[in-house]
Structure formats: C-alpha cells, structure tokens
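Work the whole structure out from these sequences, hints included.
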Amino acid sequence: MNPEVALPILVPLFSGAVSLLFWRSRPMQRFIAVTGNLALLIVSLWLFVSTHQLGYITLQMGDWPAPFGITLVADMLSAVMILLTAIIGLSMGIYSLATTAQGHEKFGYYPLLHLMLAGVAGAFLTGDIFNLYVWFEVMLVASFALLILGGERAQMEGAIKYVTMNLLASVIFLTAIGLLYGMVGTLNMADIALRLDMAEHQGMVEVLAVMFMVAFGIKAAAFPLFFWLPASYHTPPVAVSALFAGLLTKVGVYALFRVFTLMFDQSMGYLQDIMLWGAALTMVTGVLGAAAQYEFRRILSFHIVSQIGYMLLGLALYTPLAIAGGVLAIAHNIVVKTNLFLISGITHRLQGTHQLKKMGGLYRERPWLAVAFFISAFSLAGFPPLSGFFAKFVLVRAGIEAGAYAVTAVALAVGLMTLYSMVKVWNEVFWKTLPEDNCILQEPAPAGDDGRLVKPSLWLMYLPVVVLALGSVLIGIFAEPVMRVMETIGEQLMNPTDYIRAVLGENADGGISLLEAEVQEGSGP
Amino acid sequence: MEPLMAVAIGILYATAIFMMLRRSIVKLVIGLILLSNAANLLIFTTAGMTRGAPPLIPEGMSRPLGAIADPLPQAVVLTAIVIAFGVLAFSVVLVRRAYEIVKAEDMDKMKDTDT
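Chains as they are written, first to last, in this note's numbering: chain A, 1 to 525; chain B, 1 to 115.
Be careful, since some hints might not be right.
Below, computed lysine-lysine pairings styled on DSS-like, alpha-carbon distance capped at 25 Å [stated by the list, open to error]:
1. K424(A) / K357(A)
2. K357(A) / K111(B)
3. K161(A) / K103(B)
4. K432(A) / K357(A)
5. K27(B) / K111(B)
6. K103(B) / K27(B)
7. K358(A) / K432(A)
8. K358(A) / K424(A)
9. K103(B) / K357(A)
10. K111(B) / K432(A)
11. K103(B) / K432(A)
12. K358(A) / K111(B)
13. K109(B) / K27(B)
Hints listed in this document are in silico derivations from the structure and should not be mistaken for laboratory results.
The structure is reproduced here in structure tokens:
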C-alpha cells in the first residue's frame with residue numbers, strides 16, 4: 001500500500017466536498033480553500049520525496065491485479081507535475097481570497113477550484129487510458145463552470161468556443177480509446193504498450209497515434225489547433241485565467257508526453273517530423289499573435305501557445321536530454337505564466353484596465369511589482385540565470401545534438417520575439433507615464449463581508465506573485481539539482497520497460513506469454 | 001451485424017460534423033449530441049457483437065464456460081454516456097444563456113473575443 005499515490009486526488013476531492021457542505025458560509029469556504037490546498041501541497045511533497053526514492057510507485061485500486069483493475073502510478077514526471085499543481089493551487093487559493101467577487105463565491109467558486117485540481121491530479125496519476133479520459137472530463141466540467149462564472153458577454157462567447165473545441169477533442173480521444181480497445185483488448189496503458197508492439201496492423205497503430213496526437217494537440221493548443229485558446233482564456237476572472245494558463249494546457253502536453261513515450265514509442269519515428277514542424281509553427285504563430293496584441297491578457301494568452309511549442313519540441317526531438325528539457329519547460333512555464341497572469345490581475349486592480357495603451361507609470365508607483373514582472377517576463381524570454389534560460393538552453397543543446405538545426409534556430413528566434421513583446425508590455429505598463437485618459441479605479445473595489453473595501457488585502461495578491469517570482473529565480477539558481485530530476489524523467493520516459501514492469505508487476509512476463517499463446521491459437525483479443 | 005453498425009456509426013459521425021459546421025448554435029449542440037452518441041456506439045461495437053451469455057464464472061471454475069459477452073466495453077460505455085450527458089446538459093444551458101446575453105444564435109455574431 002502506498003497511500004501517497006491516491007492522496008493528491010483524494011485531498012482536493014475531500015476539501016471540495018467539505019466546502020460544498022459549507023455552501024452558505026463564505027468565510028468557511030475561504031478557510032478550506034487555503035487549508036485544503038496547503039494539505040494538497042504537503043501530500044504532493046510526500047509523493048515527490050517517495051517517488052524520488054523509489055522511482056515508481058503504483059497503487060492498484062480495489063486490489064485488483066494490474067491489467068484488470070484501475071492502476072494509479074506515479075513516476076518522476078507525475079510527481080513533478082503534481083507538485084507544481086499543488087503549488088499553483090495554493091497560490092490560487094490565496095490570490096482568490098482577495099480577487100473573487102462575492103457573487104462568484106456564492107456560486108461555488110471554491111468547490112469548483114478543488115474539483116478542478118482533483119481532475120488535474122487524477123489525469124497526472126492514472127495509469128489507465130479510459131481513466132485518463134474520465135479525469136480529463138472531471139477537470140473540463142469544473143473548468144467550464146469556472147469559465148462562465150459571472151456570465152458576461154465575452155465569457156459566453158469565449159466559453160462556446162472553449163466548450164465546443166474541448167468536447168470535440170474529448171470525442172476524438174474517446175473514439176481512439178474505443179478503436180484501441182478493439183485492437184488490443186485492454187485499457188491499462190502499460191499493458192497496451194506491451195501489446196501494441198506485437199499488434200498485427202501497424203498501420204492502424206499509426207492511425208491511432210495520429211488520433212491521440214490530434215485530441216491532445218487540441219487540448220494542449222498546438223498549431224494548428226490553438227485558436228480557441230486566445231479567444232477564451234482572457235475572458236474569465238484573473239485568478240481563473242491564471243489557473244487555466246498555468247495548468248490546463250499542460251495537462252494536454254503531459255498526456256502527449258505520456259502516450260507517445262509509453263504507448264506509441266514504435267511509431268514515433270514516423271510522426272516525429274510532423275510533431276517537430278508542429279512545434280516550430282506553434283512557437284512562431286503564438287509569438288506573432290502576441291506581437292500584434294495590445295491587451296495584457298491577450299498577449300499572455302498568445303504566449304501560452306508559443307511556449308507550448310517549446311514543450312512539444314522537447315517531445316519531438318525524442319532524446320532523453322530533449323525530454324528533460326521539455327519537462328523543464330513545462331515546469332518553468334507553469335510557474336512563470338501563472339505569475340504573469342496574476343500580475344496582470346494586480347495591474348488591473350490598480351489601474352482599472354487591461355488595455356496597455358491606457359496603463360502606465362507603475363514602475364514609479366509599485367517598484368516591487370515591476371521587479372516581479374521583470375523577473376517573470378525575462379524568464380519567459382529566456383534570460384540567464386532565470387528558469388526559462390535553462391529550459392531553452394537544454395532544448396537548444398538537444399536540438400543541435402539531434403541535428404535539427406532549422407527548428408532550433410526557430411526556437412532561438414522565437415525567444416527574441418518573446419523578448420520584444422515582453423518589452424512592449426514593460427514599456428507600456430511600467431515605464432511610460434500614466435496617460436490622461438486613464439481613470440484609476442473606475443469601478444469600486446469589491447467590498448468585503450462587513451462592507452469595507454478589500455483594497456487593504458492587496459498583500460494577499462502580492463504574496464503568491466512574490467513566491468512564484470522567487471520560484472522562477474530558485475529554479476534558475478538550483479538548476480543543477482532540478483536538472484538532475486529532469487534527467488531522471490528523461491531516462492524514465494525513454495525506457496518504458498521499467499514503467500511497464502512497475503505497473504504490471506509479475507504480470508508483465510505473464511502478459512507477454514499469454515499474448516504469445518493467443519497469437520498461436522489465432523484468436524486475437 | 002458489425003458492418004451495419006459500422007455504417008450507422010459512420011453516418012452519425014458525418015452528420016454530427018456537418019451539423020457542427022453550420023453557424024447556428026442550436027445545430028452546434030445537436031452536432032455534439034450526435035457526436036457523443038457516435039463515439040459511444042463505436043466503443044460498444046469494438047468488442048464485437050457476440051451473442052453470448054453474461055460473463056459469470058460458475059462455482060469451482062477459474063474461467064467462464066462458452067461464449068461470453070465482453071463486460072468491459074459495457075462498463076466503459078456506461079461511464080462515457082454519463083459523462084456525455086452531463087456535459088451536454090451543461091452545453092444546452094450554456095447555449096441558452098449565450099443566446100440570452102448575445103441575443104443572436106449566429107456563430108458569426110460571436111466574434112468579439114476572437115483576435
């Protein structure tokens with residue numbers, strides 16, 4: 001028994017249920033939002049430490065042996081992703097205390113937040129392909145509801161696109177699962193990996209691989225399937241945008257990493273070129289879109305797309321070093337991108353607008369906010385010694401080693417373009433003087449329970465921003481131990497045999513011999 | 001039986017995509033309904049349409065006798081139906097609210113947030 005594998009799912013589910021019980025009590029819900037997410041962080045640290053010691057941890061649900069029951073499995077990739085989820089969850093819990101409107105809290109904002117974290121954690125931990133679909137849906141339903149909280153026109157328009165595209169992706173995913181089951185007769189990912197290598201129709205395996213690539217590509221917002229993201233991510237309240245930006249697209253990227261290193265590692269050679277150029281085009285279109293925008297959160301939304309390209313580049317190069325770089329890019333991006341969205345929320349609170357043209361003068365007014373933005377933005381652009389530099393450095397080195405010079409050059413050029421649009425934000429928001437037509441705090445700050453303005457609680461918004469900015473610096477300073485963890489991930493992902501053995505246990509050998517017997521009888525599953 | 005099902009599922013997918021490509025948000029929802037039904041039927045069919053007994057193991061044996069119906073796709077499809085239903089209920093409500101707020105059911109009138 002390894003309870004720490006299930007706890008990152010159970011803790012947010014539990015805190016979500018408890019905060020549902022306190023539906024009418026806002027203070028209680030707020031209290032649970034922080035304590036529940038703190039508990040999630042603690043169990044995630046536990047999971048990380050024990051995964052670091054043991055390599056793989058598995059838990060068979062209901063004690064059914066592996067290919068038959070549902071398996072929860074944590075390797076280093078899952079553990080790192082869970083840890084980041086917990087950090088972001090806690091930051092969001094604290095940040096939401098200061099930003100969430102009273103009306104949203106009454107409509108179940110905090111329970112939905114917990115539920116979404118549970119869905120994300122479940123997707124990272126499950127070892128069963130259909131279960132992955134179920135956790136995706138748990139996460140999506142919660143995110144749908146969070147996206148339209150407040151019900152403004154822009155939110156509705158954004159939500160229709162977001163919901164449609166995600167449902168379409170889910171149906172493609174489900175179809176692929178159905179066809180996969182028809183081929184191999186199992187849903188356990190380790191078992192599928194074993195059997196796909198021996199499947200009769202390798203052409204069909206490639207079709208399935210492409211279907212998974214499209215389904216997760218939509219969810220991860222990769223070129224050319226990204227257009228729903230900039231249309232919807234800037235519409236909800238800032239805390240929700242930040243959570244989406246930090247976590248949701250990365251779940252799609254995680255699924256791509258998991259599926260293509262474990263199940264379709266044989267057909268990877270075939271798809272590598274598609275993915276490589278997909279990654280390059282994702283980077284370029286995202287950053288060009290960002291360069292054209294003059295609204296703070298739209299710029300950031302387009303940057304999510306371009307950064308997804310770096311992560312996909314790591315997968316597409318398909319060497320241990322490249323995978324390590326890709327995962328480092330995910331980790332760095334979760335921290336930095338969330339932070340940038342949080343900063344956009346603070347600037348909105350201070351100046352009452354998201355339009356860059358109407359903002360200004362924040363460097364003089366709030367120097368520390370400017371420093372936090374500076375760190376995050378330059379980390380995103382890849383300046384040493386911040387976290388983004390090492391992610392890019394590793395990816396570029398892996399690209400040169402793999403001989404993919406053109407794509408590597410694209411990655412470097414996109415870094416410069418990122419810098420350009422970040423400097424644009426810096427100039428407009430922090431450097432230039434405040435333009436005449438800005439009316440600061442046009443809308444009154446939301447009132448607290450007792451009717452006081454919540455303005456004094458601005459420190460609740462600063463706290464996560466400072467912590468996350470510090471996180472980006474720390475990833476940069478402690479690049480060596482971080483990189484060692486990433487290299488372990490690269491090794492683990494490139495050698496799926498260990499994963500399969502960890503999940504199936506002694507059934508791994510049994511599964512192979514059973515399969516051979518079936519093939520001899522001529523009656524496939 | 002399987003070829004018939006395959007054709008039916010194919011028609012469902014095609015109709016669903018066609019409906020989703022129209023500009024009306026009501027047709028979009030109808031498309032989504034058809035799409036999820038098509039996927040559910042596909043999962044149901046992939047295990048093969050065996051006319052078999054329920055997969056019960058007689059006492060004292062370690063495996064069932066004779067032809068059995070594969071229980072796993074049925075469990076899977078049940079879950080998928082529940083999820084699809086929940087999500088569809090949500091999208092129907094969403095479309096209604098969007099119609100009330102935007103006052104149009106034409107997708108082309110919902111381009112404010114596009115860039």
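How the hints compare with the structure:
1. K424(A) / K357(A): OK: K424(A) and K357(A) at ~11 Å, within 25 Å.
2. K357(A) / K111(B): Holds - the C-alpha atoms of K111(B) and K357(A) are around 22 Å apart, at most 25 Å.
3. K161(A) / K103(B): holds, 17 Å
4. K432(A) / K357(A): holds, 10 Å
5. K27(B) / K111(B): Judged against 25 Å, a Cα distance of about 18 Å means the pair holds.
6. K103(B) / K27(B): holds, 16 Å
7. K358(A) / K432(A): holds, 10 Å
8. K358(A) / K424(A): holds, 13 Å
9. K103(B) / K357(A): Violated, because 31 Å separates the two Cα atoms, which is more than 25 Å.
10. K111(B) / K432(A): violated, 32 Å
11. K103(B) / K432(A): violated, 40 Å
12. K358(A) / K111(B): Cα-Cα ~23 Å, so holds.
13. K109(B) / K27(B): holds, 15 Å
The structure does not agree with the numbered hints 9, 10, 11 stated previously, though it agrees with the rest.
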